[in-house]
Amino acid sequence: MRADGLFAMLDRWGRWALPGTVLLFFVLLTLAPLRAPYLSGALPLLPALVVFQFSLATPERLPGPLLLAMGILLDLLLGGPGAPVGVSALCFVLIRAAVINNRRYLVGVPFLFQWFGFCLLAWGYVVLVWFFTALWTWTAIDPAPAMMQYVVVVVIYPLLAPLLARVRARDPLNVPDGSRGTARPGETTS
Amino acid sequence: MAIRDDFEVVASQVRTVVQRFALGLLVIAAFGAMLVGKADTVLVEHARVVALDLASPVLEAIARPVAAANRAIADLKEFASLRQENARLREENARLLAWQTAARRLENENERMRELANFREGPEASFITARIVGDSVSAYVRGALLNVGLRAGAASGQAVVTGEGLAGRIAEVGENSARVLFVTDVNSRLPVLIERTRERAILAGDNSPRLRLSLLQSVAGVQRGDRIVTSGDGGSFPVGIPIGEVVETSEGSIRVRPFADFSRLEFVRVVDYGVTGLVSGGPAPLAVPTGVRVR
Chain A
1 MRADGLFAML DRWGRWALPG TVLLFFVLLT LAPLRAPYLS GALPLLPALV VFQFSLATPE
61 RLPGPLLLAM GILLDLLLGG PGAPVGVSAL CFVLIRAAVI NNRRYLVGVP FLFQWFGFCL
121 LAWGYVVLVW FFTALWTWTA IDPAPAMMQY VVVVVIYPLL APLLARVRAR DPLNVPDGSR
181 GTARPGETTS
Chain B
1 MAIRDDFEVV ASQVRTVVQR FALGLLVIAA FGAMLVGKAD TVLVEHARVV ALDLASPVLE
61 AIARPVAAAN RAIADLKEFA SLRQENARLR EENARLLAWQ TAARRLENEN ERMRELANFR
121 EGPEASFITA RIVGDSVSAY VRGALLNVGL RAGAASGQAV VTGEGLAGRI AEVGENSARV
181 LFVTDVNSRL PVLIERTRER AILAGDNSPR LRLSLLQSVA GVQRGDRIVT SGDGGSFPVG
241 IPIGEVVETS EGSIRVRPFA DFSRLEFVRV VDYGVTGLVS GGPAPLAVPT GVRVR
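One line per chain: the protein sequences are A and B, in this order. As numbered in my numbering, residues 1 to 190 make up the first sequence, in order. As numbered in my numbering, residues 1 to 295 make up the second sequence, in order.
Source of the hints: derived by calculation from the structure; they are not laboratory data. Careful, some of the hints might be misleading.
Listed next, the in silico SDA-like pairs over lysine to any residue satisfying Cα-Cα at most 20 Å (straight line) [as the list claims (entries may be wrong)]:
hint, chain 1, residue 1, chain 2, residue 2
1, B, K38, A, A134
2, B, K38, A, A69
3, B, K38, A, T139
4, B, K77, B, L89
5, B, K38, A, L135
6, B, K38, A, F132
7, B, K77, B, S263
8, B, K77, B, P65
The following block holds chain B by itself, in its conformation from the complex:
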């Protein structure tokens, strides 16, 4: 009995101490979490992936009605300018048809040239279509969550593209979810080419809607309206995915507007280029049948 009483006395003392210093302990715990996160990034990445996998079904449930509402609002807006839009599209269609003819001719010519030169093309890319189930957009991050993960063949480092151009790359991947880091994120650095001059550069995000072009050989060669495409350096991205166009060339800083409209993304394609291991250092991606649609 005496032991039990002693135990209870000690327990109640511990309880009093814990209650008195509850705030201090919680603050220390929070700091501890931050330090652990700084020291052991692998552990934190793992925890992030687990949290994403757990949250993604809930998010998917939320995403559908939200997407429907967003679409309805967009529809209403477009309805107002339907006639003008139609005229514009007809004009654009005529112009694009002319381009299509040119592209066909060039493609044929290219193919014949490649045969002549015995050119080896890079690996064939395949796509996984994914729905965006969550935004991770805050004051500090520009990204999104996808509903595909390892099981569908996604791997970190793969390019994520929209119909207009490159959106970003996969930063973390779980069983059934993945996090995309947009090109506009402050942590995004891409090896790129200026399409007209074939000059190589690095395209960096800074959380603003515009991207920054850096590490150029010469700033003078860049003009407004120049298209920026991926250079394929590093091996994880296919060559020539359009990213954006130069909109501002003041001395020392060149600004690029991305083609992808990040405010209206709903579906994206994950490009499996087969050699992601070079950049991510992660495990080799699983074999994916081409053109898998994941919904």
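Only chain A is shown next, with the shape it has when bound in the complex:
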């Protein structure tokens, strides 16, 4: 059923590689010396936003092992002596699982619901990272900057999410290729 020209192949590859590439870009952007107040502090949460948004649209193109690798890379780059390496990986994997298991509440629903879902999951992310960092370094870390990060990224979400959501523009039903056309009458995407 698939077209087999060079461009079709490139197109397919591009589609498969895009989410991972975008995620890698945001992981690297975490370190970019942006001097915008508030925004630069929230950069470390943007990869989580990307993971959330792509898990909504195309979870099969953002497989778990890739998320694991990206999370570990993010932790390695962000650094900090004694900070746990792998906590972001853990959170990415959990976000993906949470989104996949709750697709019926998050896909094909008004934007506000998605935003609300993101708020909940990002809250979990921030708390988990804070908890493990405090546990691993065994210091009482002031949670205020982490809260600030959270607020900023929640505000940024409506600006960034529609942009990332365009990835599925040619896939309106948002169904994985394998199961396309198997829906019974009356069944909606879930």
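Model the placement of chain B on the given structure of chain A, informed by the hints.
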């Protein structure tokens, strides 16, 4: 054939199990990474350095346009207050010229005194100028990435200074990159001197913009506006690099504002003082010609 079939059956069973427990396995893997990081810090440091070295060319590519944009914004802001700024600078210049005369006189006097007392000065410090290619600022870390590494002569433990004062020290170093830990980071502890009273203390960061002065002999002697400088204890930093000034002295807690403006750093100098081995425990730094500029 039978073996092959068996193999395929087993393989498909394994695949089903992996798919069913994919989430569990990934979570276990993430926890495993965290535990390994806790248990084998050397391995993790090595991995960090490798990741930094790989990422730094990309970051450098991103850093330049970002720096240009930041500068343009700063320029615009300054343009508005150009006239006032000019007047202020002229006044300051006059004052500094007076200070310069005083400093020259004191320097000469000092030199003669040292000759008289047969004083041995510490090792001569040399500088490596580095560009900041990445921030590692998050809710938990205050630091930055530099585009110089072992190859340019940087070594962990060296002091990193700006024009205004001490910014931090090098925490990790790769071939062509290094990570600076700012003095404001929660892991930063510096032996310092209060310039006026010559009293020794420890200056600790806590991820906030203000530093905390601790382990003082007496809190009473410290006043607002006292300058804090490095004491050189531990041997890795030169003596007398300015760090900040005391801005708050309430009972029990003395707060220090760092001179370095961490929100506008672009270039820094890495001070090679020749005796970094004392603190870092790392390999001895390579010989560096003085005044190397690395771009």
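Here is how each hint holds up against the structure:
{"no.": "1", "hint": "B:K38 - A:A134", "in the structure": "13 Å, holds"}
{"no.": "2", "hint": "B:K38 - A:A69", "in the structure": "18 Å, holds"}
{"no.": "3", "hint": "B:K38 - A:T139", "in the structure": "15 Å, holds"}
{"no.": "4", "hint": "B:K77 - B:L89", "in the structure": "17 Å, holds"}
{"no.": "5", "hint": "B:K38 - A:L135", "in the structure": "11 Å, holds"}
{"no.": "6", "hint": "B:K38 - A:F132", "in the structure": "12 Å, holds"}
{"no.": "7", "hint": "B:K77 - B:S263", "in the structure": "15 Å, holds"}
{"no.": "8", "hint": "B:K77 - B:P65", "in the structure": "19 Å, holds"}
Going through the hint list in order, the structure satisfies each hint without exception.
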